[in-house]
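Since the structure of chain B is provided, determine the placement of chain H on it from the hints.
In the order they appear, the protein sequences are chains B and H.
Be aware that the first sequence starts at 8, since it is given in our numbering, and climbs by one per residue.
Be aware that the second sequence starts at 8, since it is given in our numbering, and climbs by one per residue.
Chain H regions said to be covered by chain B (calculated; three or more residues, Cβ under 8 angstroms):
1) 36-43
2) 96-102
3) 118-126
4) 131-137
5) 140-151
Hints listed in this document are in silico derivations from the structure and should not be mistaken for laboratory results.
Where is the CB? At the ideal position from N, CA and C, for every residue including glycine.
Protein chains: 2
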Amino acid sequence: MNQTNKRPEPDAVKRALEVLGDRWTFLVLREAFFGVRRYGYFQRNLGIGRNVLANRLSALVAHGLLKRVRYRTDPDWYEYQLTPAGLDLFPAILTIKTWADRHLLDPTAPTLHIRHRACGAELIPVVVCESCRQPITATDVEFETD
Amino acid sequence: MNQTNKRPEPDAVKRALEVLGDRWTFLVLREAFFGVRRYGYFQRNLGIGRNVLANRLSALVAHGLLKRVRYRTDPDWYEYQLTPAGLDLFPAILTIKTWADRHLLDPTAPTLHIRHRACGAELIPVVVCESCRQPITATDVEFETD
Numbered sequence: 008m009n010q011t012n013k014r015p016e017p018d019a020v021k022r023a024l025e026v027l028g029d030r031w032t033f034l035v036l037r038e039a040f041f042g043v044r045r046y047g048y049f050q051r052n053l054g055i056g057r058n059v060l061a062n063r064l065s066a067l068v069a070h071g072l073l074k075r076v077r078y079r080t081d082p083d084w085y086e087y088q089l090t091p092a093g094l095d096l097f098p099a100i101l102t103i104k105t106w107a108d109r110h111l112l113d114p115t116a117p118t119l120h121i122r123h124r125a126c127g128a129e130l131i132p133v134v135v136c137e138s139c140r141q142p143i144t145a146t147d148v149e150f151e152t153d
Numbered sequence: 008m009n010q011t012n013k014r015p016e017p018d019a020v021k022r023a024l025e026v027l028g029d030r031w032t033f034l035v036l037r038e039a040f041f042g043v044r045r046y047g048y049f050q051r052n053l054g055i056g057r058n059v060l061a062n063r064l065s066a067l068v069a070h071g072l073l074k075r076v077r078y079r080t081d082p083d084w085y086e087y088q089l090t091p092a093g094l095d096l097f098p099a100i101l102t103i104k105t106w107a108d109r110h111l112l113d114p115t116a117p118t119l120h121i122r123h124r125a126c127g128a129e130l131i132p133v134v135v136c137e138s139c140r141q142p143i144t145a146t147d148v149e150f151e152t153d
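If we strip away everything but chain B, and leave its shape as in the complex, we get:
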């Protein structure tokens, strides 16, 4: 840990914030994880203006998190599907959700439960080290730059 080191630029988290930090962008992505693909459903579930929604969907396509796929012709209708990069964000968002359930929400507030279909348990995410499979904490790491 070091109080003065320069951080490398461009920083990945800063870049992620540029892409995800907008509240509407995040909510659109969240709907996508719930299975929403079509413009009208995004709009109805979020109560979002058409311009704002179109703008956020385009940005998510430009950043490679969603892809626009035609599902009907004459006239052409499109839906928005998560790309592999978009799907790969799910574990991170789930980890943030669980943190917020623990530390930010009133414990009596209704909670969205997530079930792990693979084993049947309620899904509680744990972030482990790929190498030793032990849970990661903020205090057992060291930072190094290239």
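Showing chain H alone in chain B's frame:
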């Protein structure tokens, strides 16, 4: 997966975004994870205005992620330490960082490497299910509300 279900309110991710979604807030937190505790170091490392910094530090204290601790008297000087709730956010931020390294950054850009002191390996986070310890993907979950 369901295109039309109402989501529970207040939603944890939406609440987390209210607390963390601001770019400066996030960068202040990131400095805290690097070990920064003092006002002057936050300011110097981030090149942030005094008002903006004071405002973000106060908000992080109010939300329970930092605590303000006196480390010197006459005059009283304070530093900002991560609380258990703040420290508990580290695995989530690390997971976002790794995702951004993979999917957003130019592969030739300098990267911040993190070493897992516990095992000595470069720290690559994997999000697993607490129950079965298998990695989580977006497609093997079901959503349920209370």
